[in-house]
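Taken in order, the sequence shown gives residues -19 to -1, 1 to 547; the numbers are from mature numbering (1 follows the signal peptide of the UniProt record, and there is no 0).
These aren't lab readings, by the way, just hints derived from the structure by calculation. Where is the CB? At the ideal position from N, CA and C, for every residue including glycine. Watch out, some of these pointers could steer you wrong.
Unchecked claim - Computed Cβ-Cβ distance ranges for the label pairs, DEER-style:
(1) Gly22 - His391: 35 to 43 angstroms
(2) Ser474 - Thr337: 34 to 42 angstroms
(3) Gly22 - Ala256: 32 to 40 angstroms
(4) Arg504 - Gly251: 50 to 58 angstroms
(5) Pro143 - Val7: 35 to 43 angstroms
(6) Asp271 - His39: 38 to 46 angstroms
(7) Gly503 - Leu252: 28 to 36 angstroms
(8) Gly251 - Ser194: 17 to 25 angstroms
(9) Pro477 - Thr337: 28 to 36 angstroms
(10) Pro469 - Pro439: 38 to 46 angstroms
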Amino acid sequence: MRRAFVALAALLTVAASSAPGEQRPVVRTDSGAVRGTVAGGHQVFSGIPYAAPPTGAHRWAAPRPVRPWPGVRDATRPGPLCPQVPAAYGDSASLDEDCLVLNVTTPARSGRAPVFVWIHGDGTIGGGSFFDARRLADRGLVVVTLNYRLGVFGGFAHPGLPGSGTFGLQDQQAALRWVARNAAAFGGDPGNVTLAGSSFGAGSVTAHLTSPSARGLFHRAVLSSGEGMMDMPAGAMGPQVPAYRWYTWRTLPEMRATGRDVAAGLGCGGLGPPAALRCLRALPVKRILDVPQVMNMFQAFAFGEGILPELPEKALREGRFHRVPVLSGATRDEHRLFAGLLYDAAGKRMTERDYTALVTTAFGTAHAPAVLAEYPAAGFPTPALAWATVITDRMWARGMYAQHTALGRHVPTFAYEFADPHAPMYLPLPVEGFDFGAYHASDTPYVFEEKEVRFTPPQARLADTITDYWAAFATTGTPSRRGLPSWPAFAPSASPPHTQSLAPDAIASVDYAAEHRLGFWGRHVQSSEASLRLVPERPMSSSRNEPSGVPLFQKPSRLMSISTSS
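Could you build all of it, start to finish, from the sequences and the hints given here?
Have a look at this one:
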């Protein structure tokens, strides 16, 4: 991923320097003119501000309009990343709060093109400039990628702080309003905007689906490996990680309590809310980032007021969400990535005894024997793959099926499962001896090109087909079009509802519920739900300030945090 970022920057530089006589494109936005580059027939504009810098007294405040600039602003280089700590596999560190920028890639042909807005994943690291949008632009879309405040800067909550826990979401809505005002200037149709994201980004899209203030800002939604209706059994994300009722959401009182504890640790405790916030806003970015795991503590979304007034899971179940078509899916082997990161690929090979202990912790002594009988270690190449299958089915697939059912009752919903058994590993992980399969978010390079990914010819054909599906959906609201395998909508009343399996030279319908044994989990899931804690007593922390690691109660995603510490 970090190589893709460097490669894209290099591409823009070459495009600008290799054709000295070529006119660089200039577009006038509502804040001023920007000059971009031409690359491979596309126009690319990078680092365009969509909100004023959230600095000083505006740290942890709603995004504000950009101050107009005179002349023509250079938009040939990506803007700074929002504050974040280094990832273990590459230097994405940043201390720059002047980071609320977006990037626009336009197709070669002119006209009113559909707009595709991409929200990157993880929520603690990354940026919009890491995603090469040319594949989608080749298919006639105007593509917008964006930065938003991450971790403690995007999700901080504290008593007396308006907007607590939602500043990153507010940034995303500010970017969508920018798109509504400016898409036409780039050849885009502001009346045809698709909001898309993977993993944490898909969680963001789910939040906007249920946010009253997002009404009318987008007209279709893509959710890849989203967790909006997913809970987490104990131990699923590490031996010491407790169960959580909601994987993506936290209550506002819980997040405010976490913020109060962090403030005390930063020397701003024992003060009334206004004084505490003044103290916190005066701190250097680095001082805040030095708090162990501070980015991960605020990775989840807080609900209860403001732009996220109710639990999105409940809103989806009860049909309170914006009526837009949805394309949604997951990978077939979601949890193999995490099992590999935490165990076998990290040099901590899981034994059968470890597997039995994990299952017992997750499901209790009453249900563990049934789970072990349904998923015997001897039935899998390794105990770690058995565990990955258990959690993929119980946590990921069960939540995904519930999400598709809730959405499909009210809007056209197109469900998929990415099933390439040999999906290329785009992260610098040891893959020898562990089969990652179709791991979490492994479908994203099939839409956004990765320079370090080398596809086989069948995989390249699959990438073309998936991108064609996504582009067709963004254009018309359905992924089906002439020349592509038919993709019926997910009908909850059908037996079974249609889920499109996406694999190299093997695109077909799959019985998703049967494949992931959801009937079994319907009989044995209550054990973990009964033991879930709604609110943790204290924020989790580590004994030292690790580089951004596997989040303690979240997860890595498209741009991932890697650590094996607990």
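Going down the list of hints, with the structure as the test:
1. Distance hint for Gly22 and His391: a CB-CB separation of about 40 angstroms, consistent with the stated range 35 to 43 angstroms.
2. Taken as a hint, the range 34 to 42 angstroms holds for the pair Ser474 and Thr337, whose Cβ atoms sit roughly 39 angstroms apart.
3. Remark: the range hint 32 to 40 angstroms for Gly22 to Ala256 is contradicted by a beta-carbon distance near 56 angstroms.
4. The supplied range of 50 to 58 angstroms is met by Arg504 and Gly251, whose beta-carbon atoms lie about 51 angstroms from each other.
5. The hinted window of 35 to 43 angstroms between Pro143 and Val7 holds, with their beta carbons roughly 38 angstroms apart.
6. Checked against the hint of 38 to 46 angstroms, the C-beta distance between Asp271 and His39 comes to roughly 22 angstroms, which is inconsistent with it.
7. About 50 angstroms separates the C-beta atoms of Gly503 and Leu252, a value inconsistent with the hinted range of 28 to 36 angstroms.
8. Take Gly251 and Ser194: their Cβ atoms lie about 35 angstroms apart, and the range 17 to 25 angstroms is violated.
9. In this structure, Pro477 and Thr337 meet the distance hint of 28 to 36 angstroms, their C-beta atoms being roughly 32 angstroms apart.
10. Taken as a hint, the range 38 to 46 angstroms is violated for the pair Pro469 and Pro439, whose Cβ atoms sit roughly 24 angstroms apart.
Checked against the numbered hints given earlier, this structure breaks hints 3, 6, 7, 8 and 10; the rest are met.
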